[in-house]
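There are 2 protein chains.
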Amino acid sequence: MDLSASSSASERVSRRAAIISRHLGEASGFGSPSLVLTPCISFLPPESSEKVSFDTRELRLLLDGHDVEARDWVFRLMEECSLFCPRRRGGNRVFVAPDYNQSMEQQREMTIRRIQFLLERGVFDGWLTGSGVDLEMRKLAMYECIGLYDHSLIVKLGVHFFLWGAAIQFFGTKRHHDKFLRESENYLIKGCFAMTELGHGSNVRGIETIATFDKNTQEFIINSPCESAQKYWIGGAAKHATHTIIFSQLHINGTSQGVHAFIGQIRDANGNIMPNLRIADCGHKIGLNGVDNGRIWFDNFRVPRENLLNSVADVLPDGQYVSAIKDPDQRFAAFLAPLTSGRVNIAVNAVYISKMALAIAVRYGLTRRAFSLSSNEPEVLLLDYPSHQRRLLPLIAKACAMSIAANNLKKIYVKRSPDTSKILHIYSSAYKATFTWQNMKTLQECREACGGQGLKTENRIGILKGEFDVQSTFEGDNNVLMQQVSKALLSEYISAQKKNQPFKGLGLEHMNSPCPVIPANLTSSALRSIEFQNDVFCLRERDLLIRYASEVYQYQQQGKSRETAVLLSYQLAEDLARAFTERTILQLLVEKVKSATGPLKDVLELLRSMYALICIEEDASFLRYGHLSLSNAAAVRKEVMKLCSNVRPHALALVNSFGIPDSFLSPIAFDWIEANSWTSSNSL
Amino acid sequence: MDLSASSSASERVSRRAAIISRHLGEASGFGSPSLVLTPCISFLPPESSEKVSFDTRELRLLLDGHDVEARDWVFRLMEECSLFCPRRRGGNRVFVAPDYNQSMEQQREMTIRRIQFLLERGVFDGWLTGSGVDLEMRKLAMYECIGLYDHSLIVKLGVHFFLWGAAIQFFGTKRHHDKFLRESENYLIKGCFAMTELGHGSNVRGIETIATFDKNTQEFIINSPCESAQKYWIGGAAKHATHTIIFSQLHINGTSQGVHAFIGQIRDANGNIMPNLRIADCGHKIGLNGVDNGRIWFDNFRVPRENLLNSVADVLPDGQYVSAIKDPDQRFAAFLAPLTSGRVNIAVNAVYISKMALAIAVRYGLTRRAFSLSSNEPEVLLLDYPSHQRRLLPLIAKACAMSIAANNLKKIYVKRSPDTSKILHIYSSAYKATFTWQNMKTLQECREACGGQGLKTENRIGILKGEFDVQSTFEGDNNVLMQQVSKALLSEYISAQKKNQPFKGLGLEHMNSPCPVIPANLTSSALRSIEFQNDVFCLRERDLLIRYASEVYQYQQQGKSRETAVLLSYQLAEDLARAFTERTILQLLVEKVKSATGPLKDVLELLRSMYALICIEEDASFLRYGHLSLSNAAAVRKEVMKLCSNVRPHALALVNSFGIPDSFLSPIAFDWIEANSWTSSNSL
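In the order they appear, the protein sequences are chains P and U.
Quick note on full-length UniProt numbering: the first sequence kicks off at 1 and runs consecutively.
Quick note on full-length UniProt numbering: the second sequence kicks off at 1 and runs consecutively.
In isolation and in its complexed conformation, chain P is listed as follows (with noise of 0.2 Å):
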């Protein structure tokens, strides 16, 4: 065999050709059975063997939801830069992605030349100078797909435009508006959020840093009163950050007013430090190494009056502290307002990384083979095997579920309004601790279910799990995020029990119906019916959010408080949660898969009933409380073997829907065996 990289692909083919009939000629005439039988593997597209049954645009359409050119247009531009390095893996197919085996130095570098690039194009026009739903909507649609290409670079711009950008535009008022904005969206500052210490990150409200006003001169001046104080996490303070927000306790005439927000310089234009500051790097992590996480210890740092965000509170030139909210609950609450942005970034993101991932594992699913079931016959296809499609084919359901919710939660927040505070904050923190968790998942399982090639930096599943690591636990721990749903709804439960009024917003009304009744025995079409899907999701809402009041009512008549009975009532708050959060996302799939028409209906109701089921499935609470009998458990579990055979044949179809361009999967995708031959391989 010749193995020159020079030779082209017919003239392997016919080496090869030429090497197996040579060794079949040895063979001939003792008639070796297991030698005919085992003929080398040959790559086939999926696309030759799989069927498509419905319009794969459409789903992308409905899936997407919004600005579909954009994100063509930010994709075609990283698979265009040499940035973004292109690399030819197997004949003519080029992928895109960031090259992991760089120290974190060079990761960031890297990191920054790309932003500088994307900015030059005009991908962050009026990010910051703009207003309005359709431009939030067209900006939410990018950062989704920029994504797609590396973590850092979306972690970096949302910090510079989401944290300090957002901020500088909700708690700033003209003066900073004027001062900033433009600067910042065109990259000259680059703001960083200095909110999280060393001591405190979930609770914001213990932070240590103190800030003090100097009459004499009309500065604040900000100290790190400790270690402990010291600002931690802070994304771009390492290295390239100008500007910083600082969050820090304000005390005026040794008043406490709680936390504020300040605008600080941190570097000069030459990329000193700034004197009175200490900042040093939070070092090598296992994902996230484009970012520049830094930390900063405050020393008498003074920043002028006006540099205080001033839109909730303020500091005259006398002293004298004035604030439009006189609750301090509330104006903390307030200054948290721009975490929500975050979140909400976080959970789009995860769902679009899901698709990424599950559209890899799929197409390698249809196009290796691994055992036989009898020595006659061909190996078999991953994806053919019931397991296989059981670790898939309901990650995909969950994925387009999910995608689903994602919109609704972005048009919640692009039209946020002081009316919609509390739900968007309850949304966004049950879908960011939700889609992130599912996101780990799923990319485990497809992990997992590539075998070694998962672990390979270039096929990219396995990489992503290090980089979105970090979303189970930043802004906000999901845990905490959870409980803060079962909180909110303990509320509404406890208010409607007091004023004696039906419920109202959340999707709660179905509480004041009766209570739907599941049949003992349902049968295969019951089960894939929404009648059964919507009872059994809201049976099980209403029953975990009564038990569970119940149980912080019983511990505080025990003597309790209520903050240690809700804490002692945790089981049955991360199973509320997670009812309240799955019944959302149901009806929202219903509504959507109720206005779809023609055959791509069919296979959206095949996705509805998966999605309901798999919850069911996976969720013991339905035997644990009785809202299922174990006849029908039984019969839901086969019921998800016989979605997975339903689901099987458009398996390729739903991912070619996800709209994911072929140069951001992998080449596991592909032809793996061409992208893995020699003339296709580096040499040592």
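Zero decoy hints are in this set.
One copy or two, it doesn't matter: identical chains are merged, so the pair holds either way.
Quick list of in silico lysine-lysine cross-link-like pairs, DSS-like style, CA-CA up to 27 Å: (1) 601 x 411; (2) 642 x 487; (3) 638 x 487; (4) 560 x 638.
Worth flagging that the hints you see were computed from the coordinates, not collected in a lab.
Fit chain U to the given chain P structure using the hints.
For chain U alone, coordinates are given in the frame of chain P:
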């Protein structure tokens, strides 16, 4: 605040006090309560508050099981050598861990230098030339400890000693032993193990590499007939290995004799690749970048006739094929035997890694506080939250139970004989899959329990997720292994039915007794009894085995082949394999607890109940198949919460019993405020 790097700890303390008192001074006369109530966080070592009620050395002996001195010796060697990157972080504390910010190429270089160091210190003396049960156990103990430092290091050692070396020992005869074992032990010969191909991983029988015999030259000619036949993932092949075991189909006179193993030299003394070979790199991975995985193509590559590893079968000089084992299936199984040692090592190491992560996360949870229950109270220690206890403490019980089972597996392995090969295969498969899945779960939970700190490479937990992810698919995909366990149990069942004989072996004797009956309403003390725990685990296993056999039989009655029937029954197969594994572990744990005395026995009984009840809570099978009533299931859940608060006071002592040196833990396991202080950090 003077932040100069030269200041001493006492100076820092007094500066801190000065800053605080200055702020308090400003506040005086205004009586700001919130300022007084938020003093800076100070670190208290957990030892200062936590009590130790039992002898931690005694528990360490029980969990490590053997060769504690050899373990400590290897730990010291690594701690004291600069190649292991000792780093001072916080006061006088030094930590050792690889530098994962190094490129793949640098990590490979460090790995081989570390091996050379351990070699020179005599760590590997006797690993290939010695024999005996004690030596083998000592070897396994040292291997576990080296694995705590770095996964790349033991995988590279494992390929050389446990795959290459064991293949020579097991498949080779005197001529191979004499020629290769001594030089391999001295690492003059560096071996690798070329089994897996691009097209065939778990299905070794399907590999496409072909060997034929040339009588004239008395050589085998080895060829990769096509791209999918390239050897893939071959650890050591890309850079360092001089020799390899080659797995290949053997064709003699045109008859295929199935898979055989040959020795081939792949590099000369100067490191040049031998003629008729091509080698390429597998590239960057999400972990194990210190291992040079490579790909090999054979192009009429010739090895002398004597290089066939001929303990099982041989080719005589005249070209005649002779074999002691007539059945090709048995011959094939014999060739896979070294993989068993791989599975034993993987299982054992997974538990050790879990223990390291738990030690870090528990110590952090005992020193980190978040949120106050009311404004007058200090923030709550993470491990005092019921939900945090529920996340971590059951994982301790599982790690302890699995340690005991792992020690049992090692004993079966080192005393192996042809008679025990079946049980060794079953237990090593079941434990490898169960322990590695549990390890990934433990690492994820511990990472999230440490918040963002869990993502910092220096804190180890996060990076271990990427490093150990491979364990769930290498040396046999976990799902495939668990299916094999169930298939083996099915064979036992069918055989007992056919012969009308009682069950014997694999702990299945309980199937011969009457089916246990679980009372419908169990008390707390009943739930904690050995009787209940044993009964309900046996009941589940028995029921699932009968259901599985029945479902497979029904599919066969419908005309499906046995293989197809087994594939379709994957849900019950998964449930059954889990039930078998957990029952086996419980019984080993019960025996160990029975033999303990004094205060340790009390703690071990808590752990046993925790292990049993958490397995029940986590497996929906108990409810789904009616092994437990709803009220018992609810009682189990309540009892898990009680057990968490019972185990909580022992948490520190338990993780301190794991015997892991402080230097192998991480900064957040100790004074993380000091470790993050400016003076402990690098200035930018």
